[in-house]
Amino acid sequence: MEKQTIRFPIRVKLIIALFLCIILPVLLIGYFAFAKVDASLSSLEQDSAVRTAQSLQSTMQTQSENLLQQDISFAKWDAFNQALQKHDVKWIVANVDAATSVFNDLNFLDVFDSQNQLVSQVGNLADFSNGLTNSAILNKLNNQNYISGVIQTQN
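So the sequence shown is numbered by this note's numbering: it starts at 176 and just counts up by one.
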């Protein structure tokens, strides 16, 4: 038996040559270019998200410090402490809850006693109506005797 060679028509040979010499390199170059651009865009998007988070954290810290400075400057701490111990809600409403009308964008204010029970509330937040149960705030309170200002309670 003689070996027979398979002969392809010139059209098939031309199509195979065209595919190997032009189409395949273009596809490979396109794939690698796409992968590089995709990686660069992902990196830029991640950098942007990190910068946004850092900016938000910085703004939260600044707002918290400003609020704390205003609290310290204007507060009547001895009178407030006495009113809190006596649960004098009228005094707290007149002197503390009024801060929501003085400070811009202070939408709620909650006052708790040393047993984490709600004494006074402005803004009617359901999360705080049954007492102080938020773990982020309780953790910070366990580490410090006094907390005030803006506290991040969610991620």
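Wrong hints could be hidden among the right ones.
[As the list claims (entries may be wrong)] Derived DEER-like restraints, expressed as beta-carbon distance ranges:
hint : residue 1 : residue 2 : range
1    : 203       : 182       : 26 to 32 angstroms
2    : 220       : 292       : 41 to 47 angstroms
3    : 320       : 233       : 45 to 51 angstroms
In short, the hints are calculated from the structure, not lab data.
Beta carbons are placed, not taken as given, at the ideal position from N, Cα and C, and that holds for glycine.
Each hint, compared with the structure:
1. Remark: the range hint 26 to 32 angstroms for residue 203 to residue 182 is upheld by a beta-carbon distance near 30 angstroms.
2. Between residue 220 and residue 292 the CB atoms are about 45 angstroms apart, so this pair conforms to the stated range of 41 to 47 angstroms.
3. Take residue 320 and residue 233: their Cβ atoms lie about 26 angstroms apart, and the range 45 to 51 angstroms is violated.
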